[in-house]
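The listed protein sequences correspond, in order, to chains A and B.
Numbering of the first sequence is given in the numbering used here, commencing with residue 1 and proceeding in unit increments.
Numbering of the second sequence is given in the numbering used here, commencing with residue 1 and proceeding in unit increments.
Heads up, none of these hints are tricks.
List time: in silico DSBU-like cross-link candidates among lysine-lysine, alpha-carbon distance up to 30 angstroms:
no.: 1; chain 1: B; residue 1: Lys-5; chain 2: A; residue 2: Lys-218
no.: 2; chain 1: A; residue 1: Lys-80; chain 2: A; residue 2: Lys-218
no.: 3; chain 1: B; residue 1: Lys-64; chain 2: B; residue 2: Lys-5
no.: 4; chain 1: A; residue 1: Lys-100; chain 2: A; residue 2: Lys-80
no.: 5; chain 1: A; residue 1: Lys-287; chain 2: A; residue 2: Lys-100
no.: 6; chain 1: A; residue 1: Lys-100; chain 2: A; residue 2: Lys-286
no.: 7; chain 1: A; residue 1: Lys-222; chain 2: B; residue 2: Lys-5
no.: 8; chain 1: A; residue 1: Lys-286; chain 2: A; residue 2: Lys-247
no.: 9; chain 1: A; residue 1: Lys-290; chain 2: A; residue 2: Lys-100
no.: 10; chain 1: A; residue 1: Lys-224; chain 2: B; residue 2: Lys-4
no.: 11; chain 1: A; residue 1: Lys-222; chain 2: B; residue 2: Lys-67
no.: 12; chain 1: B; residue 1: Lys-65; chain 2: A; residue 2: Lys-218
no.: 13; chain 1: B; residue 1: Lys-67; chain 2: A; residue 2: Lys-224
no.: 14; chain 1: B; residue 1: Lys-61; chain 2: A; residue 2: Lys-218
no.: 15; chain 1: B; residue 1: Lys-5; chain 2: B; residue 2: Lys-83
no.: 16; chain 1: B; residue 1: Lys-121; chain 2: A; residue 2: Lys-80
no.: 17; chain 1: B; residue 1: Lys-32; chain 2: A; residue 2: Lys-198
no.: 18; chain 1: B; residue 1: Lys-65; chain 2: A; residue 2: Lys-222
no.: 19; chain 1: A; residue 1: Lys-100; chain 2: A; residue 2: Lys-247
no.: 20; chain 1: B; residue 1: Lys-5; chain 2: B; residue 2: Lys-65
no.: 21; chain 1: B; residue 1: Lys-83; chain 2: A; residue 2: Lys-224
no.: 22; chain 1: A; residue 1: Lys-290; chain 2: A; residue 2: Lys-250
From the derived model, a few chain A residues whose C-beta atoms are all more than 10 angstroms from chain B:
no.: 23; residue: Leu-14
no.: 24; residue: Lys-100
no.: 25; residue: Gly-101
no.: 26; residue: Leu-123
no.: 27; residue: Leu-197
no.: 28; residue: Ser-245
no.: 29; residue: Lys-286
no.: 30; residue: Arg-288
no.: 31; residue: Gln-345
no.: 32; residue: Val-356
no.: 33; residue: Phe-377
no.: 34; residue: Ile-472
no.: 35; residue: Phe-489
These are computed hints drawn from the structure, not numbers from a lab.
Since we're looking at a predicted model, the values are computed, not measured.
Virtual Cβ for every residue (Gly too), placed ideally from N, Cα, C.
Residues per chain are reported as follows:
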Amino acid sequence: MADILQAAQAVFALQTLIFIIIGVAVGIVFGAVPGLTAVMAVALFLPVTYGMDPGVGISILMALYIGATSGGLISAILLKIPGTPSSVATCFDGHPMLDKGEGPKALGVGIVFSFLGTIVSVLALMLIAPKLASIAIKFGPHEYFAIAVFSLTLIATLSCKSMVKGIFAGVLGFAFATVGIAPVDATIRYTFGTTQLKAGFTTLTVLIGLFAISEVIKTAEKAKQKNEMKVAQVSMKKIKGFGFSLKEFKDQVPNGILSAIVGIAIGILPGIGSGTSNIVAYTVSKKRSKRGELYGTGIIDGIVASETSNNAGIGGALIPLMTLGIPGDAVTAILLGGFMIHGIQPGPLLFINNSVLVYTIFIAMFVAAIAMLVLEFYGLRIFTRLLNVPKHLLLPIIFVLCVVGAFGINSRVFDVWTIVLFGLLGYMFYRFDVPNAPFIMGFILGPMAETNFRRGLMLSNGEFRGFIANPISGLFLLLAVGSILWTVFGSYREKKKQICVSNLS
Amino acid sequence: MKLKKYSELIFGLLILAFGIFYFILTIQLPRKDTIDATFIPYILSAFMGVLGILQLSAGIKASKKFKEEEYVAENLDHLTVIKIIALIVIYIAFLQPIGFLICTAVFLVLGFILLTPVGTKINYVQYITISVVATVLIYFSFRNGLHLMLPEGILRLGR
Chain A
1 MADILQAAQA VFALQTLIFI IIGVAVGIVF GAVPGLTAVM AVALFLPVTY
51 GMDPGVGISI LMALYIGATS GGLISAILLK IPGTPSSVAT CFDGHPMLDK
101 GEGPKALGVG IVFSFLGTIV SVLALMLIAP KLASIAIKFG PHEYFAIAVF
151 SLTLIATLSC KSMVKGIFAG VLGFAFATVG IAPVDATIRY TFGTTQLKAG
201 FTTLTVLIGL FAISEVIKTA EKAKQKNEMK VAQVSMKKIK GFGFSLKEFK
251 DQVPNGILSA IVGIAIGILP GIGSGTSNIV AYTVSKKRSK RGELYGTGII
301 DGIVASETSN NAGIGGALIP LMTLGIPGDA VTAILLGGFM IHGIQPGPLL
351 FINNSVLVYT IFIAMFVAAI AMLVLEFYGL RIFTRLLNVP KHLLLPIIFV
401 LCVVGAFGIN SRVFDVWTIV LFGLLGYMFY RFDVPNAPFI MGFILGPMAE
451 TNFRRGLMLS NGEFRGFIAN PISGLFLLLA VGSILWTVFG SYREKKKQIC
501 VSNLS
Chain B
1 MKLKKYSELI FGLLILAFGI FYFILTIQLP RKDTIDATFI PYILSAFMGV
51 LGILQLSAGI KASKKFKEEE YVAENLDHLT VIKIIALIVI YIAFLQPIGF
101 LICTAVFLVL GFILLTPVGT KINYVQYITI SVVATVLIYF SFRNGLHLML
151 PEGILRLGR
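All chains should be built: construct the whole structure from the sequences, respecting the hints.
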């Protein structure tokens, strides 16, 4: 209880509150402007948090995450272009509603259900995470190895267009992670004799390069072309409440709950996040609905499904991150980097050694959700105006901020070169149609698998049986085999294509 | 365009090339035990070999199926991409010796000009103002507010 009070005190300090509000606002902008993503928002703000107290710093990152996940709905409805992959399905009904003159209602529904999705998922996080942590605390190398392997097999399901390319991206990420000092026997691998590479590539530089720098290079492709975006203007002034009636709200409750569950469940699975869940939730909701045939013609049900589930993914994705140190998607991967910068190792011990921080995160998320609801609804006019920010001015500045962020990790220019290297790799991935999320998964989960494999072998005297004899690791290895079989057979059925999103951020 | 026709094939070759490169590096690592630091890298090399072959065969199929008539050429500006990459590389190379302030201000102005869409007038006064203000703002707020010392280079300000 004392911990909760201490955490509340930390969050409700004026400085933290202001930072959370700024974080949410910046997040919404990054979510709303097509081409800017949640990963970018977090990457850019990381250096700002370097010098801060961990609680404050991580609260800001959470605020950015929540804001950016929701912000995509603004452009999805007003521009018909999803601001982020998380709001692809919001376009389906959002734009038809705008055409019917129901723009404010679409926005209102989207914002309110984004808020509710976030709240429900944070509650789920608070409920599940501590319990899971108390189980995970008993995990040893065998269990961690099996969980990492299981999570790695999920990569194959991520790569909907070409399984070969997706698996390759994961393998390549793993290969890049083997650079530096090897676990257990400290062999120095693939450093080409430089001391700079001894510690390997920093996770943050890989992420900034792959998700932010590559985006800057990508825009250069089309920078010279004229493109005028028409932003539809809607006035929210004469709207009562949030633009929809209480009855409409009540009708949407079951749909919302279902979509929240889909969002949380998909969020928990490593590697897939809100980029997938919004489309899955839309599909599920459409199938279950009595008026499924009206989906896509401009009814609020579709927006509820998409927007509830993508924000519900936030709490879901944080469950494996906080309890096991396994990121659920690209944003949580960069959050993992953010934790590490502050000297915090996510995992079951976090809940015992640093429960104040855990509560701080929970409370900050609630505050950020409320800030999002208020800011996004009442500040909508400002955000829509920002949709027209000239890209040619914005992107060079974003690049410089990425450079600052990379430099700030260890105060060396070497890290800046690294982000460019991974930026070019990310651009190549884009050219060859390779998904970049599996790369990150391989990069983070690979070393986890290798380290625990070597340790586990030592514990069981070099016998592989140790991994199978242990019930939990045995179960996860079985699940891994199951997931491989499911993917292999599933690819014959070609059914997956419906829920296929090229990338997630 | 020919390149698009063979892009899947080229990617297969790239996978194999990287796999072989990684394999050669792995062979050169010191051995310590049956299962040591080379165990996982060998598995990864094997994966890349298999994936490379699968991608190659998919690439051959794709290039046969490829129909020139159906292909819509993407209107992409490769020159601008090369220019921006060159600009980035030069910027970082000079970051340490010349310093953050001068390099960034120059980089921003050139970056703005490079990315300005056709039909939009290049406004030099605006570009220079934005770049100088942004550079100074970033440098001093990180230096004084957030204790992050960016490379000073030849200018020794703020001491």
